[in-house]
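2 protein chains.
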Amino acid sequence: MEVRIKKIDRKILKRAIEIALDGIEKGGGPFGAVIAKNGKIISESNNEVVNSTDPTAHAEILAIRRACTLLGTHNLTGYDLYASCEPCPMCLGAVYWSGISRVFYASGRGDAAKAGFGDELFYEELSISPEQRRIVFCRINDVDGNEVFKLWERYEKRIRY
Amino acid sequence: MEVRIKKIDRKILKRAIEIALDGIEKGGGPFGAVIAKNGKIISESNNEVVNSTDPTAHAEILAIRRACTLLGTHNLTGYDLYASCEPCPMCLGAVYWSGISRVFYASGRGDAAKAGFGDELFYEELSISPEQRRIVFCRINDVDGNEVFKLWERYEKRIRY
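So the sequences go chain by chain: D and A. Read in order, the letters of the first sequence correspond to residues 6 to 166 in this note's numbering. Read in order, the letters of the second sequence correspond to residues 6 to 166 in this note's numbering.
No lab work stands behind these hints: they were computed from the structure. Be aware that a few hints might be false.
Given that identical chains are not distinguished, each listed pair holds provided it fits within a single copy or across any two copies.
Claimed, not checked - Within a straight-line C-alpha distance of at most 25 Å, the following computed BS3-like cross-link-like pairs (lysine-lysine) qualify: (1) K162 <-> K11; (2) K42 <-> K155; (3) K119 <-> K162; (4) K45 <-> K119; (5) K16 <-> K162; (6) K19 <-> K155; (7) K31 <-> K42; (8) K162 <-> K12; (9) K19 <-> K119; (10) K42 <-> K11; (11) K155 <-> K31; (12) K45 <-> K155; (13) K12 <-> K119; (14) K31 <-> K12; (15) K42 <-> K162; (16) K155 <-> K16; (17) K162 <-> K45.
Bear in mind the structure is a predicted one, so any value in this text is a computation, not a measurement.
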């Protein structure tokens, strides 16, 4: 898809990089992210995995969570994510679940790999079948999980997301 | 990889399903997760996306975060995840980042798709190149993100994760 990159997109992406740089000296990993709409910044975060002992505390996840808290919704359709580096599979999943419309980034997964991060490997692992992965993925066939979806379908107050 | 499934694995997986069922009536999505080690449960969670207006509040993410808070570490190597349904790409990414050793699950991504969830589609989207995806993914080539990784490599107090 052809994307028209505006001056403001470059400016906000540079802000994400600035956050990543500042974050390193605060003990964070080398990543920064910003959520914006029509060029207006809603939330920002650096990576806080080590400081918060939370493996999910990537810059993108935290920026998404902060934007959702501020806006009072789990849906960010129409919002853009700016990330200093291409989002990892976890953050990409969060982008899809949040409904974010556009993602702009500077470095790529290969650059992250050279700096010692697993992003590229994790993309490969996600693309193969569960049985082939390095981590054990085991479906227990004689335990039936589908009663959960049956109750969900019957539950009239359910809110789809 | 051949996995020996023990009686305790089935028991904990059934607990994850029970959490998912209870979660529906608390306003959560139809998913439950448990973190355990050697059959001992460390943390549990249902899906809280809608109630907490947080698109990342999947059962697996919350169970991982809780276990890490309780244990005071971002690293869950040696721990197992039991999920009522095959983890989505976001949660799978969290599994890799956390270092979890084994994942057991009951329903599959196809079952989640039939119940109206995007897991299967998101797996497809993650496997293709950023330019081909439904959401706009745009690398801005003339903004250099690599100064972040250069600072990271020079930063002596960095903690790799």
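Hint check results:
no. : hint          : result
1   : K162 <-> K11  : neither (43 Å within a copy, 37 Å between copies)
2   : K42 <-> K155  : neither (38 Å within a copy, 30 Å between copies)
3   : K119 <-> K162 : between (48 Å within a copy, 19 Å between copies)
4   : K45 <-> K119  : neither (33 Å within a copy, 37 Å between copies)
5   : K16 <-> K162  : neither (43 Å within a copy, 29 Å between copies)
6   : K19 <-> K155  : between (47 Å within a copy, 16 Å between copies)
7   : K31 <-> K42   : neither (27 Å within a copy, 32 Å between copies)
8   : K162 <-> K12  : neither (45 Å within a copy, 35 Å between copies)
9   : K19 <-> K119  : within (21 Å within a copy, 41 Å between copies)
10  : K42 <-> K11   : within (13 Å within a copy, 50 Å between copies)
11  : K155 <-> K31  : between (47 Å within a copy, 16 Å between copies)
12  : K45 <-> K155  : neither (42 Å within a copy, 29 Å between copies)
13  : K12 <-> K119  : neither (29 Å within a copy, 42 Å between copies)
14  : K31 <-> K12   : neither (29 Å within a copy, 45 Å between copies)
15  : K42 <-> K162  : neither (31 Å within a copy, 35 Å between copies)
16  : K155 <-> K16  : between (48 Å within a copy, 21 Å between copies)
17  : K162 <-> K45  : neither (35 Å within a copy, 34 Å between copies)
Going through the hint list in order, the structure does not satisfy hints 1, 2, 4, 5, 7, 8, 12, 13, 14, 15 and 17.
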